[in-house]
Amino acid sequence: MKKKLKQLLVCAGIFIVCFLTAPVKAQDFIDEEFLDNIETNAKFIWSEPAAAFSVAEAPAKWNDESAVVMGYKRSILFDKKTSGGFFSARQKNVFFFEKVRFKIQLHDKNSVQAFSEIYFRYSTKDDGFVARIIKPGNETLPVDLKEAVELESAGDIPEFFKSFFDQTSGAQSRYYKVAIPNLEPGDILEYASYTKSKLDVRGSGFVEFDPQYEICSKGYPVMYNEIDIETDDKSFFKSLSLNGAPEFKKENAADKDFFQYVFIDRNRGVEKDVNFVNRYLVYPMVKFQVIYANSENVKGLLIGGKGELKTGFSKEELALKAWENYVEVGNSYYNNLYTVQNFVNTSWADLKRMGAKEWSDQKFISNVYYYLRNKVVFQNNYLSDKVYAFIFGSLLFQRNIPSELVISSSNNIGNLKNVLFDQEIRYAIKVNNQLYFNCTDHSVPGELIQSLLANEAYIITEPKKGHPQEVKPFILPDAKAPDNTVSYAINASLSPDLNNTVVSRTSVYTGLVKTGNIGNAMRLTTYMLDDYKYYGGESPADRMKPREEEEYDRSIKAIKEEFKKAKPDFVKEELEKEFQQKIKFTDFKIISDGRSDKKKDLEFTEEFELPGQVRKAGKKYLVNLTGLIGPQLRVKKEERERKFDINVGYARSISWVINLKIPDGYAASGINELNTNVENEVGKFSCEAKEEAGTVVLKMTKVYKQSNIAKDKWQSVLSFIDAAYKTSFKYILLKPKS
Amino acid sequence: MEKPSQPLGCLFSTQSYHFSFASMFTRSLLLIIIINTSLYSHAQYRVNDEDAANADVFSKKYKDDDVMCTASHHYFTFDKGKNALNDKVVVIEEETELDFLSLKKFASLTYPEFYNKFIELKAFKKSLKVGSKYATSRMQPMDRSVTSDGVFFDDSRVQYYPIRFAEKGSMARVTVKKEYTDGRYLTRLFFGENYPVKEQVFEFKVPEWLTVDFKAINFDGYKIDRQENKKGGYINYVFTMKDIPASKQEYKSIGHAYTDPHIIIQIKSFNNKGETLKGFDKTDDMYAWNNRLYGMAGNKKESLQSALPKIIQGKTTDIDKIKAIYYWVQDNIRYIAYEDGYSGYIPAGAQDVLAKKFGDCKGMANLLTEFLQMAGYDAHFTWIGTRSIPYQQSMPALCVNNHAITTLYFQGGVYFLDGTEKYAPFGENAYRIQGKEAMIAKGNTYDLKTVPLTTGNDHKILSKADFVLTNEVLSGKIKIVLTGNERKDFHQSYQDLPISSQKDFLNEFLEFGNDNMQATNIKTSDLKNREIPVSIEGDVDLSNYVNTISGDKYISIDFFPKTLERYMPDEKRVGGYDFDDVMTFEDEISLTVPPDTKFVDVPEKSEMTYDGYEFKGEYIVTGNKIVLRKRIVIKNSVIKKSDFENWKKFLASIKEFSKYLLSITKK
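One line per chain: the protein sequences are X and V, in this order. For the first sequence, numbering that gives the first Met the number 0 gives the first residue as 0, with consecutive numbering after it. For the second sequence, numbering that gives the first Met the number 0 gives the first residue as 0, with consecutive numbering after it.
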């Protein structure tokens, strides 16, 4: 999210005023001359009326919590109108006046330790900070800052202590840390900070500050949580409360030209659900954003009217905004050197040189996809899906291949009616009945994205004069369990001393399970070297002079050697994580890299030995063959009560076929005992076990049938999760025949 | 969105140092740069034949290393100066030149130079070899604080150069000039580095006015040449060691100071205008220095007086008062360290530590000593080296001590009280200082006393459990008792947890790390009392633990502590283990099965005894009840590599014994 503001700052040609950015310097004690100023600038906050902060004790119901936040109040005033001082020109800067007041009762040593060091900003002469400890009995002790130490880099400062401005702009302000003296369990620590920051907005049409997602429940219970946003009439505010969170309310500001929006949450405990929780979908949460507009022309902004507390947008508003944003992409910067439109033009020229005009439509679409993927492979960052859609759609346009623009929202955030920010609008391109989503290093045309599965979407068109924009509702494709699979074919045998299980495992991944695993599988392989072949590009060596080619070959050889050396260690580490024991690694081989239409599935084999699966009983051996499915989720007693709906990510199916060759001279028993089948509407776990021609054969399946499950189905989830867990501990018995 | 990257740390850097590379390199290499998705540069690309040949030879010798040092020369000269305390001291200048050779294409090395208020970094350059000449880089080194996690503020800093090598055989040179502003702070020099070194040379040009000694530590078994030449009013001492493999970081390794050859520099005295000034010649000198800094703490006893009565309120006996003071410091003073320059050696004033309720080891020892003295006890500030340091106090050097405690003489006994050791009972010492010599301040003189060693039997984890098998369910009661350092370690973990997590912690403790075990009805000893053994007991259910096959049941009741498996050395392990602990595990676990069933194939007894560790395990059947008695004692905290054969057998025998499942069948 930070990048959004940063990019805007760059694009709009505005910059953060130099004095705000503290140069990196050696850490040292604070200059004592600052101390009076720091205190003076913040101590007025103590005397501001705030009933919530006068509470002397946290409620007894939270005595067993490590600490209780008694009050947390953040006030941010966005002010373009008032001047920052005599020398500051009007209309040049947006000022941020931030006040934070925080009060916490510390119940134990853990929280005392957690708050033994706190951080504050003193980056301008206007910044201030005061802290105090309130002992049981109400004795108040101010925290002396004279031994505060300046921090060397912004990376040393926890985000929690950074000002809103620094969090969103990434400004390198000067911060200090102070060790809190005389802090003990039972104490109340309270601090208040005041910061004033300014942003030079000359030449910028508008600045969208980072969207904020305030989840009401925190790591400690919170008695009182207040956020005040005050804006002048140059700024716009929007907010949406979800899952039962309180709403921002518009209140009268002291100055009639200002608007004030206040969020207050009280009495919020700590949430306990552990497994399958998507916090954004189920926890009470409020999201909000401030947008500053420098001129009256606010066309294209996803905002309400001046002074309006906007809580959502109609289908038409979203579609219009999405389109306007989409067409603006061409003028944005692809990198530091050229614009997205420049990139489109260069790419089209490249493609034409390769004969793109002669390709069939389908081949062109496919090649464009792989061409763009190849660019992404060699970049540090993925493209946003808006930029990707623009480039992809523009290249199709060059070949007169009609495409449609699809917008939707991430299912991690909510559906389209909950979209509040530009950043929440997702983009894809539709060609006939095929959807093309943003690509990653390994994606294949048409592959789905987890966060967009089965989402409500709109197909939108260009708004034309005199005609309303066309907005067609559309549902993005879903992926069911059979679409997202991993199949393990495991051939196992016992080592000659019967101590270890020797495993040869072939894994085949499809759909979203492949997406989640292909990164590790391809790690430390040289997939990138031949990536150009997927779109019919030329090898980098094709146009080289002999000496250059020789150097190229030597470089490639060095990389290959390095990867070859490092890959076994990496695979071994991954297997040890998976099986939670030391293993002996033998081999890893990719059979199908899953990076093309022709080889869409990811398939690889691993060979290794596991020492922990065999136990003894006299002359008999017991083999934990089912343990080869790896550790299964254990849901503890205290986690069996469920408060929130269940989110398992996406529907998927995992299957194992395990063959164990029975060692010569031994007979296997206990096979029938492994048979189990638990199936319901939300999932399945089954194990079919049999002996065939001296081999024990297990066919096991675990299926998550739905991605989102109502909380009242928790027992159904538990039934197949538990079955898998229990089965993973079963043994078969190998008995000497004589 | 940022992409996950290939782990190419050793190949490429994400940082850019030279922007002229594009013109120097071929387009093909640019592709590789793009592949890596980040800018980088190489040290050089033209390699002369000799360097290439060397790289071929050494890459075979040092297969696991990317870069080696072909020549490392440190040249020390001595001068007179003044330290920050305005003392006349010996100032040492060190000039270093190191040549690095790449053993493969695209290797990299980060070369650091550490400095602080006692070590001034005067010059630090990197040069890259092109053909047969070195060209000095105009880039300045990176500079940053290296304050460690446990320290709030100190003066430790590092400057470093990342060095990229484009080719196998590429070379780079690092030159350093630094000054030890007080020669006492140049304490020791190790020959080994974390890269192989073909030749490491330490040369000291010692003037006649200086008396200095170079203590050779761990030289036995290594070929280290020592030369001494007198010339023009100087004696040149030259120590040379060749073909040194890279030092490797390993899990629980034995401290390098125990095993690796190094020199301790001992400035004994020097002559200044006819006056002989002392350095560290004898232990007395070391004490005088320590005691002087201790005296600079500036304690104000009057500021402590109001606090003491509250701490010992209600305590009538001496022992209770002493404990009250000791435990109060443990419980109420948080470890927060300021170690800036001499404040790394001068304790914070006792009144400051009391007022802030935080301090480092020196601050805590200072406050504890003051409190005990004020209460009328014979307590003394004390310096000590932890077990990571092998030296005795007879070696007068600053590297001997790294910790401060309080020594109490009480009723004929000597007690070592460590304020930083939370939840340590009076009379018990942390293993990290056991066997170590303590330097006890007694005004103008001092005592040397050794902290007594304990044995594995003093630190136990006792597990007693009684299970009953009913149908398919294994249930029973379990009790764990912890003594010695095991008890202290438990407290340190438990008491520092959020109170909201403590119950879960106890449950997990009783569940032996076994995923199938579910503990309920937990009861504990008084966990506010650090002096009594910790006892945790409860009911456990192992409902998913019984394997029934063809009517017989197979169960394990051997909850072998899995942690020992981590200490099975693999083929790559270079050095021994130091557990920094000794301990005993004792299990007594019974299982009662229905009267119509019996145990068959009862595992045989296993017993192994070595000097440093022993194991005994046996199953005893009485009717329908079986009892497992198992005992593992780690008597030595150190397992040397020379002992690995026995150690492996030992671990293997425990593993083999633990492999057995009990077979239960119908009578």
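Think of the hints as simulated: they come from the structure by calculation, not from any bench. We treat Cβ as the ideally placed atom computed from N, Cα and C, and that holds for glycine. There's no promise every hint is true.
To be verified - Computed Cβ-Cβ distance ranges for the label pairs, DEER-style:
| # | chain 1 | residue 1 | chain 2 | residue 2 | range |
| --- | --- | --- | --- | --- | --- |
| 1 | V | Gly294 | X | Lys145 | 42 to 52 Å |
| 2 | V | Ala70 | X | Asn341 | 21 to 31 Å |
| 3 | V | Val467 | X | Val54 | 50 to 60 Å |
| 4 | X | Asp568 | V | Leu276 | 53 to 63 Å |
| 5 | X | Gly518 | V | Asn528 | 49 to 59 Å |
| 6 | X | Lys532 | V | Gly130 | 32 to 42 Å |
| 7 | X | Glu637 | V | Val467 | 20 to 30 Å |
| 8 | V | Asp78 | X | Thr139 | 47 to 57 Å |
Exercise. Honestly, do Glu637(X) and Val467(V) meet the 20 to 30 Å range at C-beta?
Worked result: With a Cβ separation near 25 Å, Glu637(X) and Val467(V) satisfy 20 to 30 Å, so the hint holds.
For this session: Starting from the range 32 to 42 Å, see whether the pair Lys532(X) and Gly130(V) falls in it by beta-carbon distance.
Result: 38 Å, holds
Problem set entry | Range agreement (Cβ of Leu276(V) with Cβ of Asp568(X), hint 53 to 63 Å) | 55 Å, holds
Exercise. Honestly, do Gly518(X) and Asn528(V) meet the 49 to 59 Å range at C-beta?
Worked result: 52 Å, holds
Exercise. How does the Cβ-Cβ distance of Ala70(V) and Asn341(X) compare with 21 to 31 Å: does it lie in that range?
Worked result: Violated, at about 51 Å.
Problem set entry | Pairwise beta carbon distance, Gly294(V) to Lys145(X), judged against the given window 42 to 52 Å | Distance hint for Gly294(V), Lys145(X) is violated at roughly 24 Å.
For this session: For Val467(V) and Val54(X), compare the CB-CB distance with the range 50 to 60 Å and indicate the outcome.
Result: Check passed, 52 Å falls within 50 to 60 Å.
Exercise. Asp78(V) and Thr139(X), beta-carbon distance inside 47 to 57 Å?
Worked result: 55 Å, holds
Hints 1, 2 from the earlier list are contradicted by this structure; the remaining hints agree with it.
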